[in-house]
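S.K.: Sequence:
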Amino acid sequence: MDLSTILITVLMTGFIKLIIYHYRRLDLYRGGSKIPGLEPVLPIIGNAHLLFGETKNVFRKIILLLEKFKVSPVRAWLGHKLCIILFDPEQMKIVLNSPKTIERDELLRFFLPWLGTGLIAAPAQKWKVHRKLIMPTFNPRVLEKFTVTINKQCEILVNIMEPEIDKEEFDIFNYISLCTIDIVCETIMGVPSNEQIKKNSAYPAAFEKIMKILYQRMIEVWLHPNVIFNATKLAKDQRECIKYLHKQTNDIIEKKLEQYSEKMNGNSITQIEFQRKAFLDFFTELLLEGTKLTTEEFREEVENIMFAGYDTTTTVNSFVILMLANFPKIQEKCYEELVEIFGDKINGGRQIENEDLDRMKYLGRVIKETMRLFPIAPLLIRQVNGDLDIGGGYTLPKGSTVFLAIWKLHRSADIWDDPLCFNPDRFLPEQVAKRHPYAYIPFSAGPRNCIGLKYAMMSMKILLATILRNYIFMKDKHVNIEDIEIKAEVFLKTIDPITIKIKRRKNTFES
38 MDLSTILITV LMTGFIKLII YHYRRLDLYR GGSKIPGLEP VLPIIGNAHL LFGETKNVFR
98 KIILLLEKFK VSPVRAWLGH KLCIILFDPE QMKIVLNSPK TIERDELLRF FLPWLGTGLI
158 AAPAQKWKVH RKLIMPTFNP RVLEKFTVTI NKQCEILVNI MEPEIDKEEF DIFNYISLCT
218 IDIVCETIMG VPSNEQIKKN SAYPAAFEKI MKILYQRMIE VWLHPNVIFN ATKLAKDQRE
278 CIKYLHKQTN DIIEKKLEQY SEKMNGNSIT QIEFQRKAFL DFFTELLLEG TKLTTEEFRE
338 EVENIMFAGY DTTTTVNSFV ILMLANFPKI QEKCYEELVE IFGDKINGGR QIENEDLDRM
398 KYLGRVIKET MRLFPIAPLL IRQVNGDLDI GGGYTLPKGS TVFLAIWKLH RSADIWDDPL
458 CFNPDRFLPE QVAKRHPYAY IPFSAGPRNC IGLKYAMMSM KILLATILRN YIFMKDKHVN
518 IEDIEIKAEV FLKTIDPITI KIKRRKNTFE S
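Take the position in the sequence shown, starting the count at 1, then add 37; the result is the number in this note's numbering.
If you are wondering where the hints come from, they were derived from the structure by calculation, not from laboratory data. It is possible that part of the hints are untrue.
[Claimed, not checked] Under the rule of at most 20 Å between Cα atoms (straight-line distance), these lysine-lysine pairs were calculated in the PhoX-like manner:
1. K405 x K491
2. K540 x K514
3. K284 x K246
4. K491 x K204
5. K204 x K189
6. K236 x K246
7. K435 x K130
8. K118 x K71
9. K130 x K471
The structure displayed is predicted, hence computed values, not measured ones.
Based on the sequences and whatever the hints tell you, model everything.
M.R.: Structure representation (structure tokens):
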């Protein structure tokens, strides 16, 4: 067989495979053609050219593209992938509760080298089993035992922030991030990390770097094939970040196993520590039983909980502090609520207790309004494993990917009056009752929602209340909501650092 014959055979084989590939996708193409979408669609890359440019500007481009559409759904092609974007609450309700969209999308495969098939990216069957195992660790009776630890870490934060009093604006995110690591490690993991005291932790930088890499790979379709990605510097940087993050996780696990070894020998672990039954305690017991969990699954779930618990609450807390600094009257109303709970001498008074959290109703509304305007996960992604009728004459075709545009939903003028106005009273019970139950879903919804919602709200309230009892937040200049430049690195971020000034709070109301 000569070279020309071989070449013709290869070309014909490739051509036949291409025809078969597209033939099998005919239903997908037909389904997508019935949905209004972005234009133009180019061969091979689809609409990806509309997102060309710096990674930090991609999310802004997505927002501007969606502003052209008043009605959901919207079709987009990301390379060969058919993406359907939704921002209607009823359509979102259908998707988030359908067994046809319970699977995470294949785009999350890029997280596998880091997070494995833990709770976040797990196939549906494995997710059901592991979620059932994890649920008891977020039981309210377990969570209430964490209050003392969270108080302790927040008091360390207050002390560490002291040098910033009456100084110029500073980046609050760095302080909040180290405190959050300490809180997550000592409560959920049951292992102290002392990152605030060490001050030189590399964890935040490594976490931020890998999130940038993963987001860039998700949106730049030419980086999807492993053969291309692995030849880039991004792949080298990713491996270095993962090596460091896995080491941090393994260190936590080793400390926990040492604790259990001491417990078995009747040594230093106190009864109080084991009454807490943190997430890691439960999973350590499962690992030692050797029946429900492998060593690799154990590590993956620890990695997943750190991923979910660290950056989300750090970012939300930073946004809330920015809003309080930006709206002094709202900040003072939060302070007045704390005075009602703790009395006048609140910055030198008792610690926050579980019973106090339910009384922080206005602070709770401030947190919710912040997450409305700045949802930590601005886009949720699901895989469509069967044709799904979403109403209005539209069907999501099998094989497509559905994007839930939480950002657009939360800022829709059809749902929210004056949507760019910061108004915590939108979340008064009588106002909530008027809205569609899926008009506000910052932690997702349905069976695959955020497992740590109650934990997140508890830790955020304690952290914010503790700082508010000690400091006044200020901005040199008021910033309009629409002028806050946003980017997405999987989770929502500001393009510029979140900076504030602080002033020591006196035991009288400050104007």
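S.K.: Assess, step by step, whether the Cα of K405 is no farther than 20 Å from the Cα of K491, and give holds or violated.
M.R.: holds (13 Å)
S.K.: Does K246 sit within 20 Å of K236, going by the straight-line distance between their CA atoms?
M.R.: Satisfied, since the Cα-Cα distance of roughly 19 Å is no more than 20 Å.
S.K.: Straight-line Cα separation of K435 and K130 no greater than 20 Å?
M.R.: Within the cut-off at roughly 18 Å; holds.
S.K.: For a C-alpha distance cap of 20 Å, please report whether K491 and K204 respect it.
M.R.: violated (35 Å)
S.K.: Below or equal to 20 Å on CA atoms is what counts here, so check K130 against K471.
M.R.: Judged against 20 Å, a Cα distance of about 17 Å means the pair holds.
S.K.: Just to be careful, I want the Cα atoms of K540 and K514 compared with a cutoff of 20 Å; is the pair within it?
M.R.: holds (16 Å)
S.K.: For a C-alpha distance cap of 20 Å, please report whether K204 and K189 respect it.
M.R.: violated (25 Å)
S.K.: Quickly compare the C-alpha distance for K118 and K71 to 20 Å and report which way the hint goes.
M.R.: Roughly 16 Å separates the two Cα atoms, so the pair holds.
S.K.: Below or equal to 20 Å on CA atoms is what counts here, so check K284 against K246.
M.R.: The given pair, whose Cα atoms are some 16 Å apart, holds under the 20 Å limit.
Checked against the numbered hints given earlier, this structure breaks hints 4, 5; the rest are met.
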